[in-house]
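Number of protein chains: 2
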Amino acid sequence: MPEIKINHLAIVVENIEDSLTFWRDALGLPMGEVQEVAQEQVKIAFLEVGESHVELVQPTTESSGIAKYLAKKGAGMHHVCFEVDDIIATLQQMAEKGIELINETPRERDGRKYAFIHPKSTSGVLVELYEILPD
Amino acid sequence: MPEIKINHLAIVVENIEDSLTFWRDALGLPMGEVQEVAQEQVKIAFLEVGESHVELVQPTTESSGIAKYLAKKGAGMHHVCFEVDDIIATLQQMAEKGIELINETPRERDGRKYAFIHPKSTSGVLVELYEILPD
Numbered sequence: 001m002p003e004i005k006i007n008h009l010a011i012v013v014e015n016i017e018d019s020l021t022f023w024r025d026a027l028g029l030p031m032g033e034v035q036e037v038a039q040e041q042v043k044i045a046f047l048e049v050g051e052s053h054v055e056l057v058q059p060t061t062e063s064s065g066i067a068k069y070l071a072k073k074g075a076g077m078h079h080v081c082f083e084v085d086d087i088i089a090t091l092q093q094m095a096e097k098g099i100e101l102i103n104e105t106p107r108e109r110d111g112r113k114y115a116f117i118h119p120k121s122t123s124g125v126l127v128e129l130y131e132i133l134p135d
Numbered sequence: 001m002p003e004i005k006i007n008h009l010a011i012v013v014e015n016i017e018d019s020l021t022f023w024r025d026a027l028g029l030p031m032g033e034v035q036e037v038a039q040e041q042v043k044i045a046f047l048e049v050g051e052s053h054v055e056l057v058q059p060t061t062e063s064s065g066i067a068k069y070l071a072k073k074g075a076g077m078h079h080v081c082f083e084v085d086d087i088i089a090t091l092q093q094m095a096e097k098g099i100e101l102i103n104e105t106p107r108e109r110d111g112r113k114y115a116f117i118h119p120k121s122t123s124g125v126l127v128e129l130y131e132i133l134p135d
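Chains as they are written, first to last, in the working numbering: chain A, 1 to 135; chain B, 1 to 135.
Hints listed in this document are in silico derivations from the structure and should not be mistaken for laboratory results. Heads up, the beta-carbon is just placed ideally off N, CA and C, and yes, glycines get one too. Worth double-checking, as some hints may not be accurate.
To be verified - Per the computed footprint, the stretches of chain B lying under chain A, defined by three or more beta-carbons under 8 Å from a beta-carbon of chain A, are:
hint	segment
1	71-81
2	119-129
Unchecked claim - Straight line, CA to CA, 27 Å or less: simulated DSSO-like cross-link-like pairs of lysine-lysine:
hint	chain 1	residue 1	chain 2	residue 2
3	B	K43	A	K72
4	A	K120	B	K97
5	B	K72	B	K43
6	B	K5	A	K113
7	B	K43	A	K120
8	B	K72	B	K5
9	B	K5	A	K72
10	A	K68	B	K97
Could you build the full structure based on these sequences and the hints that come with them?
Now the structure itself:
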């Protein structure tokens, strides 16, 4: 049986500092790094929770996809990311089952391959897949 | 540092059997039990993912809270549940930080204490807490 786990839950927030009152201070999740991802026009905070992470995502412009999502739907859960051993095999298995893929072949960044699955095929949940590449 | 992990992600679905095409067959999560919870007018399927679970929830009547949620918002993520060592201490810490609690004292069922946190205080995510009681 291939290994699979929740890599992270991504939550869109208005303001990371304000959100930390709950996620870091009240729930007590250990705070990881905060990154500015200029290319995607967001700031991101990672908090550890067991073998997974909570990722808080704050738009830094008003024109990005995430900023429009926040304006339309408000703060809340954005997607869940599952880490798999072999993303190519997983995507192929999904295609065979008729699952609608946003990325039919994985993209690659920062030491991982990733792809998104369309919420139409997942009961309304935006799902991301990760395969962490060896160093 | 107290232990904390994601116990489960709860996803509201129209039909569990249909949803399993993605969650069990395409993503490959091992299927646990399916329960009929008459008291809450739902059917529930548990699938294993690492140290956590995905919980698919299907309303079995049209009058329950979950049925109304589904009718209004459609299928998708409903809540995320974090398992903590000491739910009383966690709720007390939250109250001290000004977090709005749905259940100020935990409820108890099936060998666990649980409480919900208001999305107003969590950047829009309905959060549940679990403390698993010793056998």
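Okay, the hints, checked on the actual structure:
1. 71-81: The restraint on the segment 71-81 of chain B holds, since 5 of its residues have a Cβ under 8 Å from chain A and three suffice.
2. 119-129: holds (count 7)
3. K43(B) - K72(A): violated, 31 Å
4. K120(A) - K97(B): With Cα atoms ~38 Å apart, K120(A) and K97(B) exceed 27 Å; violated.
5. K72(B) - K43(B): Holds: K72(B) and K43(B) sit about 19 Å apart, inside 27 Å.
6. K5(B) - K113(A): holds, 25 Å
7. K43(B) - K120(A): holds, 21 Å
8. K72(B) - K5(B): violated, 30 Å
9. K5(B) - K72(A): The hint is violated at about 30 Å.
10. K68(A) - K97(B): violated, 30 Å
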